[in-house]
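Enquirer: Each of the two chains sits in its own frame; use the hints to bring them together as a complex.
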Amino acid sequence: GQNIDQPTEMTATEGAIVQINCTYQTSGFNGLFWYQQHAGEAPTFLSYNVLDGLEEKGRFSSFLSRSKGYSYLLLKELQMKDSASYLCAVRAHNTNAGKSTFGDGTTLTVKP
Amino acid sequence: DAGVIQSPRHEVTEMGQEVTLRCKPISGHNSLFWYRQTMMRGLELLIYFNNNVPIDDSGMPEDRFSAKMPNASFSTLKIQPSEPRDSAVYFCASSSNRGKNIQYFGAGTRLSVL
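Respectively, the protein sequence lines represent chains A and B.
All the letters of the first sequence, read from the start, carry residue numbers 1 to 112 under this note's numbering.
All the letters of the second sequence, read from the start, carry residue numbers 1 to 114 under this note's numbering.
For reference, chain B alone in the conformation it holds in the complex (with noise of 0.2 angstroms):
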């Protein structure tokens, strides 16, 4: 199996502009969360879905943040526009509802924000 796959592996990108992380899970896997983590905050649950449905956005920070998941294969969090603030390393996660619930995180995105 590939593991949680995430695009891109880094992005530089100006204040103000829109950024698009992507997400694909490990097959089979049901839900899917997404994190942000910085050395002040530790790691952060922003949102996650189970069967492609959100179940609970409350970390999202702030409106400028929304994530997607069309179909049980992929899955976007998108920030718009950014800030320098938004600047962490994002990670994506899927885990099965059967067993021990166990999560697998892809290698994250490192984002910074100019």
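Only chain A is shown next, with the shape it has when bound in the complex (with noise of 0.2 angstroms):
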């Protein structure tokens, strides 16, 4: 089976960094997926990590080590709209037809 865990809230202030981190143990590992999801609203997809290393895309980075079986995401110059739960998501080696296991997701509450 699959574990994720990532912390339950995190609160920053609006201008400032924040990086959310999410731990996971899994049978065979196939990917690592961020998604976004503002209160009443779907999970929009934000990044995505199957090697090592930082990936950027705009003011958000995604981080993955897959022998420490680790991942952050960072958001840089919190605006107040960055206010939202944030999922990690990991699609094991032997799933087919793209299922992935959500964590319970980090709600961050940015404070002007």
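The hints are simulated quantities; they were obtained by calculation from the structure and are not laboratory data.
Misleading hints may appear alongside valid ones.
One-sided excerpt, in silico: chain A residues whose CB lies under 7 angstroms from chain B [to be verified]:
no., residue
1, Pro43
2, Lys99
3, Phe102
DSSO-like cross-link-like pairs, simulated, lysine-lysine; straight-line CA separation at most 30 angstroms [unchecked claim]:
no., chain 1, residue 1, chain 2, residue 2
4, B, Lys100, B, Lys24
5, A, Lys76, B, Lys100
6, A, Lys68, A, Lys99
7, A, Lys111, A, Lys76
8, B, Lys100, A, Lys68
9, B, Lys24, B, Lys68
10, B, Lys100, B, Lys68
11, A, Lys99, B, Lys68
12, A, Lys81, A, Lys57
13, A, Lys57, A, Lys76
14, A, Lys99, B, Lys100
15, A, Lys68, A, Lys57
16, B, Lys100, A, Lys57
17, B, Lys24, B, Lys78
18, B, Lys78, A, Lys99
19, B, Lys24, A, Lys99
20, A, Lys57, A, Lys111
21, B, Lys100, A, Lys81
Yeah, the Cβ is synthetic: ideal placement off N, Cα and C, and Gly gets one too.
Expert: Structure representation (structure tokens):
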């Protein structure tokens, strides 16, 4: 099976940088996703990592270490609209059809 | 592209009634997923289909829940009979097996069973 851990809540200040961590245990690995979910809305795709290293996309970056079963999502120059839940999801190697297991999400609150 | 389309957006029903949720995946996607989300349990995968065939329904809570995908452009999730504990937001998502398998979510159906 798969086990995904991420902090439940985080708070940060507008303009600052925040790092949301995700650790996972999985039988095989075939990619890690980060999704953003605003309150009352559906999750939307943010980033994808399958190889070790950093993927940068504007203010958001995601890092992966497969040997450590660890990823983080880095949000720079925080804006109020970044207040949302951030979900880490892992796809195992033996999973066909793109099935991913989601963590419980980290609720980020950005304060002025 | 219109994205994943779910209907209805909101459903309020009484305990014991049948509820049918509908989903139209993104054209060309060959995988479809049904999720349930609550504050207590987070985002739970109920069932997923690949090329219209159910692959894993181990997340379906009990026999009251059933899902079908009669063709590549339509799927239903049915609850019969419904119970108050089924109240949740139900999401449908689709993905393509070509590439990263990014899942695209519909807007969800907010179900309240009284």
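Enquirer: Could you work out which of the previously given hints the structure breaks and list their numbers from low to high?
Expert: As far as the earlier hints go, not one is violated by this structure.
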